[in-house]
Amino acid sequence: MILDGKCPTGPIEKSWDKHRFEMKLVNPANKRKFKVIIVGTGLAGGAAAATMGELGYNVEAYCYQDSTRRAHSIAAQGGINAAKNYHNDGDSVFRLFYDTIKGGDFRAREADVWRLAQVSNNIIDQCVAQGVPFAREYSGLLANRSFGGAQVSRTFYARGQTGQQLLLGAYQALARQAKAGTVKLRPRTEMLDLVVVDGVAKGITFRNLVTGEIETSWGDAVVLATGGYVNVFYLSTNAMGCSVTAAWKASRKGAFMANPCYTQIHPTCIPQSGDHQSKLTLMSESLRNDGRCWVPKRKEDCEKAPADIADEDRDYYLERKYPSFGNLAPRDIASRAAKEQCDDDRGVGPGKRGVYLDYKSAIDRVGEDTIRERYGNLFDMYEKITDENAYKQPMRIYPAPHYSMGGLWVDYNCMSNIPGLFVLGEANFSVHGANRLGASALMQGLADGYFVIPYTIGNYLATVKPGEVKDDHPEFKKSVEEVQGRIDKLMSINGKRSVSSFHRELGKIMWNNVGMARSEASLKEALKLIPELRAEFWQNLKVTGDKNQRNGQLEDAGRVADFLEFAEVMTTDALHREESCGGHFRVEHQTDDGEAMRDDEKFCYVAAWEYKGEGKAPELHKEPLKFENVKLAVRSYK
Amino acid sequence: MNLTLYVWRQNGPEDKGKLEQYEAKNVSPDSSFLEMLDEVNQELIEHGVEPIEFDNDCREGICGTCGCVVNGIPHGPQEKTTACQLHMRQFKDGDSLTLEPWRAKAFPVIKDLAVDRTALDKIIQAGGYTSAYTGEVGEANQTLISKPDADYAMDAAECIGCGACVAACPNGSAMLFTSAKVAQLAVLPQGQIEAAERVKNMTEAMLNAGFGNCTNHYECQAACPKGVSVKFIAKLNREYIKALPK
Ligand SMILES: Cc1cc2nc3c(=O)[nH]c(=O)nc-3n(C[C@H](O)[C@H](O)[C@H](O)COP(=O)(O)OP(=O)(O)OC[C@H]3O[C@@H](n4cnc5c(N)ncnc54)[C@H](O)[C@@H]3O)c2cc1C
Ligand code: SF4
Ligand code: FES
Numbered sequence: 105m106i107l108d109g110k111c112p113t114g115p116i117e118k119s120w121d122k123h124r125f126e127m128k129l130v131n132p133a134n135k136r137k138f139k140v141i142i143v144g145t146g147l148a149g150g151a152a153a154a155t156m157g158e159l160g161y162n163v164e165a166y167c168y169q170d171s172t173r174r175a176h177s178i179a180a181q182g183g184i185n186a187a188k189n190y191h192n193d194g195d196s197v198f199r200l201f202y203d204t205i206k207g208g209d210f211r212a213r214e215a216d217v218w219r220l221a222q223v224s225n226n227i228i229d230q231c232v233a234q235g236v237p238f239a240r241e242y243s244g245l246l247a248n249r250s251f252g253g254a255q256v257s258r259t260f261y262a263r264g265q266t267g268q269q270l271l272l273g274a275y276q277a278l279a280r281q282a283k284a285g286t287v288k289l290r291p292r293t294e295m296l297d298l299v300v301v302d303g304v305a306k307g308i309t310f311r312n313l314v315t316g317e318i319e320t321s322w323g324d325a326v327v328l329a330t331g332g333y334v335n336v337f338y339l340s341t342n343a344m345g346c347s348v349t350a351a352w353k354a355s356r357k358g359a360f361m362a363n364p365c366y367t368q369i370h371p372t373c374i375p376q377s378g379d380h381q382s383k384l385t386l387m388s389e390s391l392r393n394d395g396r397c398w399v400p401k402r403k404e405d406c407e408k409a410p411a412d413i414a415d416e417d418r419d420y421y422l423e424r425k426y427p428s429f430g431n432l433a434p435r436d437i438a439s440r441a442a443k444e445q446c447d448d449d450r451g452v453g454p455g456k457r458g459v460y461l462d463y464k465s466a467i468d469r470v471g472e473d474t475i476r477e478r479y480g481n482l483f484d485m486y487e488k489i490t491d492e493n494a495y496k497q498p499m500r501i502y503p504a505p506h507y508s509m510g511g512l513w514v515d516y517n518c519m520s521n522i523p524g525l526f527v528l529g530e531a532n533f534s535v536h537g538a539n540r541l542g543a544s545a546l547m548q549g550l551a552d553g554y555f556v557i558p559y560t561i562g563n564y565l566a567t568v569k570p571g572e573v574k575d576d577h578p579e580f581k582k583s584v585e586e587v588q589g590r591i592d593k594l595m596s597i598n599g600k601r602s603v604s605s606f607h608r609e610l611g612k613i614m615w616n617n618v619g620m621a622r623s624e625a626s627l628k629e630a631l632k633l634i635p636e637l638r639a640e641f642w643q644n645l646k647v648t649g650d651k652n653q654r655n656g657q658l659e660d661a662g663r664v665a666d667f668l669e670f671a672e673v674m675t676t677d678a679l680h681r682e683e684s685c686g687g688h689f690r691v692e693h694q695t696d697d698g699e700a701m702r703d704d705e706k707f708c709y710v711a712a713w714e715y716k717g718e719g720k721a722p723e724l725h726k727e728p729l730k731f732e733n734v735k736l737a738v739r740s741y742k
Numbered sequence: 014m015n016l017t018l019y020v021w022r023q024n025g026p027e028d029k030g031k032l033e034q035y036e037a038k039n040v041s042p043d044s045s046f047l048e049m050l051d052e053v054n055q056e057l058i059e060h061g062v063e064p065i066e067f068d069n070d071c072r073e074g075i076c077g078t079c080g081c082v083v084n085g086i087p088h089g090p091q092e093k094t095t096a097c098q099l100h101m102r103q104f105k106d107g108d109s110l111t112l113e114p115w116r117a118k119a120f121p122v123i124k125d126l127a128v129d130r131t132a133l134d135k136i137i138q139a140g141g142y143t144s145a146y147t148g149e150v151g152e153a154n155q156t157l158i159s160k161p162d163a164d165y166a167m168d169a170a171e172c173i174g175c176g177a178c179v180a181a182c183p184n185g186s187a188m189l190f191t192s193a194k195v196a197q198l199a200v201l202p203q204g205q206i207e208a209a210e211r212v213k214n215m216t217e218a219m220l221n222a223g224f225g226n227c228t229n230h231y232e233c234q235a236a237c238p239k240g241v242s243v244k245f246i247a248k249l250n251r252e253y254i255k256a257l258p259k
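Chains as they are written, first to last, in the working numbering: chain A, 105 to 742; chain B, 14 to 259.
Treat each hint with caution, since some may be false.
What the hints assert, rightly or not - Ranges of calculated distance between the beta carbons of each label pair, as one might list FRET restraints:
1. B:Q205 to A:S196: 31 to 37 Å
2. A:E624 to B:K38: 42 to 48 Å
3. B:N226 to A:M127: 47 to 53 Å
4. A:K581 to B:A209: 47 to 53 Å
5. B:T131 to A:P635: 40 to 46 Å
6. A:D491 to B:N15: 19 to 25 Å
7. B:L257 to A:G114: 55 to 61 Å
8. A:Q643 to B:E217: 54 to 60 Å
9. B:G240 to A:Q643: 46 to 52 Å
10. B:H230 to A:L245: 38 to 44 Å
11. A:Q497 to B:L257: 54 to 60 Å
12. B:G240 to A:K593: 46 to 52 Å
Hints are computed from structural coordinates only; laboratory data are not their basis.
Each residue gets a CB set at the ideal place from its N, CA and C atoms; glycine is no exception.
Just chain A, same shape as in the assembly (with noise of 0.2 Å):
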């Protein structure tokens, strides 16, 4: 099948707005009768929820933590995008909109592009007036940063904890519409499943995490906003409950995920030191601001402290090989840099996979203080983990799973091919193509969450009868014994091994294999593992407790049986898609020095797979990419 986008024709600067006027709208008396269910409280899930409760739809909002508050963007650090263009440093919608298409590697939409361009502007005006605590010049002004892969000056911080920072914002906004009763909060659930109707989404299926009862709710319409998936690879910076599980239930009912394979290894992270690692912790990227990357040049010299390396002898590989961008290049380019270094054997600390990223310069520069002020939290952080003082000697890094740009595949107004299913924030695909610039998540989750959903959703419930399905449709019983039957076949299994020896084994699987170089033969050997690890899964794992009650290993059990399927479309994906770009680097398509090959004759378009079936091979479906405003070239930051 060739899949439509719907994107608005005429000329792109346009395009946004004359769509938004040619949709239909909801009638203001009729809002409360439409029931809209919102999977996810991050923000994407949390801005929409908000935001649709203000326009005076009835909703109801889900996430698996125990307040809406504490969803995975709390987590983002760096920063959030915006053309405001207020350093008058070159700046605009376009220079946005090109930058992302560009660090995208020429695989996102542009129509989709260039409205979260358009639209960053509103969402800093926005979160200023929620209060929230951006950081400032002593003019009282805004003030700005530079951030991974763009030369410009557009990123907006709250010193390390923008994400929090935004998160609640949404978060008060949210609880604002919660008092006012238009917004009913279900925390501590977990969506199982998504129930379907004649075609159409109709409610969904989740367990209480606290008591253990499988509910249902029936909705007009649902929104899934639900994070991203790379906690496939067992160690990532998600957090520990992110997972595939709500796309990959709406996958099996029917909705198709877009460019699976498109995965972000983040260039800094600090290093696995042991196997009791539960997850890896990200160092903001803003650090390669003031940073710079190194190695020792000989490998002899790979043991000595950094001090007594004289710097002649250190190899700042990515000032050598992107003189322009150098250390601020983009997070494909470096995370990959990173990995050449320690492959050749050039790494440092335990087992060699780690570089230095050294802000002695940087001190002597502009003194300890500025660099306290601009990092002092992220120091603490990593002295607390690795015990080591950063201001003294030099950080180690290593990249690492990080953020999924592939995710269900939607249409311009953010529905998936099921009618009724939208799809915001990482969960979907839709504007990062094969590669995320940084401080762009936040962006695309909060474009989605308060300016983008809120019309698009009344376009289509303008053409639906409100509560036309509820939950006493049979569809809904179906949908609660398929739940429950896999929830009593986890439980009972009773095998031998526990629910994390299953995922650590799938993450070395993914990551060894499908991870930041990418081989047919490599893909081949996941394609042949992933099956076998997933029988052994259902023949031999340990759950112990009860189903009716809290139960965080069933909870875990759930999510790795998703990803065990899951993993292997995401697989197939990449082994299907014979070019490199952006986060897919496949070493059969690669230049003399290294550089990803884009093969635009064959793989200029969306791939999106329809589930088929458990042990059966899903169907590819394309939507062919069009470039009309922005050149397709070389992605190149020499």
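Here the structure of chain A is known, so what remains is to put chain B with the ligands in place on it, guided by the hints.
Relative to chain A, chain B with the ligands alone:
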């Protein structure tokens, strides 16, 4: 290193609960406190014992999900550190640790170390926001905010809503938590218009949710992983007096 744990086990809100003894063996000093618990849990699972339930998510000290009382101190001995960021090198081989949930009237135990903190959300719902509708709200740089005010607001906004301050307080008061939000919004022009209503409603909601009152013990500040200062409680009190009918 090897440690002995005494862990509060409580099988649901109605259960009485008791301390159980476990051994944590071969713990790496580089592992975090929660990773140490993961390993203890792995062993329990292997022996068919239900693992210790505790809340956690980000493991980066920012989401505010984790937390338990370690040897009487919420989040454990290291200053300004959440339980997930606490590393085992802070302890010695042979140490004994007692792990208990947050204890406060407003935080019923769900299971083992996990408690229900919905009461904190209720306080925010009572007024911890500005009533800005999504839409045309005016250009961001039209309202200047001095850097000291912005920094003050940010210091208050550091609160991650973990509830350690409540667990530390002899009265089970949520005053530090409440004051942090009141102060953040009161110092910003965007929040000033609703300041009087906010401080009244939030304080009332705090008391209604079962939290105690503040009698200046300052245990909260000592326990707070984000270094939220009791100066915000003084600010709340000033705001409260300003809001009283004249
Ligand atoms: C450490 C870190 C630092 C980052 N720094 C930056 C940065 O500086 N700038 C930037 O732009 N981006 C950054 N990012 C990326 C960005 O934070 C995320 O991509 C973005 O916040 C995702 O928002 P979201 O709303 O889509 O999802 P999330 O915030 O992940 O929210 C997902 C929500 O879905 C809920 N949920 C999930 N599954 C279920 C289910 N089955 N049932 C019920 N609820 C469910 C969760 O409870 C949660 O509420 C960072 C990411 C990380 C991990
Ligand atoms: S004030 Fe400190 S201790 Fe209290 S909830 Fe906030 S962060 Fe936790
Ligand atoms: S788990 Fe998020 S603060 Fe500890």
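The hints, checked one at a time:
1. B:Q205 to A:S196: 31 to 37 Å: 34 Å, holds
2. A:E624 to B:K38: 42 to 48 Å: Because 44 Å falls inside the window, the suggested range holds.
3. B:N226 to A:M127: 47 to 53 Å: Holds, at about 52 Å.
4. A:K581 to B:A209: 47 to 53 Å: 52 Å, holds
5. B:T131 to A:P635: 40 to 46 Å: 42 Å, holds
6. A:D491 to B:N15: 19 to 25 Å: Holds - the Cβ-Cβ distance for D491 (chain A) and N15 (chain B), about 20 Å, lies within 19 to 25 Å.
7. B:L257 to A:G114: 55 to 61 Å: Cβ of L257 (chain B) to Cβ of G114 (chain A): about 59 Å, so the range 55 to 61 Å holds.
8. A:Q643 to B:E217: 54 to 60 Å: 57 Å Cβ-Cβ, so the 54 to 60 Å window holds.
9. B:G240 to A:Q643: 46 to 52 Å: 50 Å, holds
10. B:H230 to A:L245: 38 to 44 Å: 41 Å, holds
11. A:Q497 to B:L257: 54 to 60 Å: With Cβ atoms ~55 Å apart, the hint holds.
12. B:G240 to A:K593: 46 to 52 Å: 47 Å, holds
Going down the numbered hints, you'll see the structure goes against none, and every one checks out.
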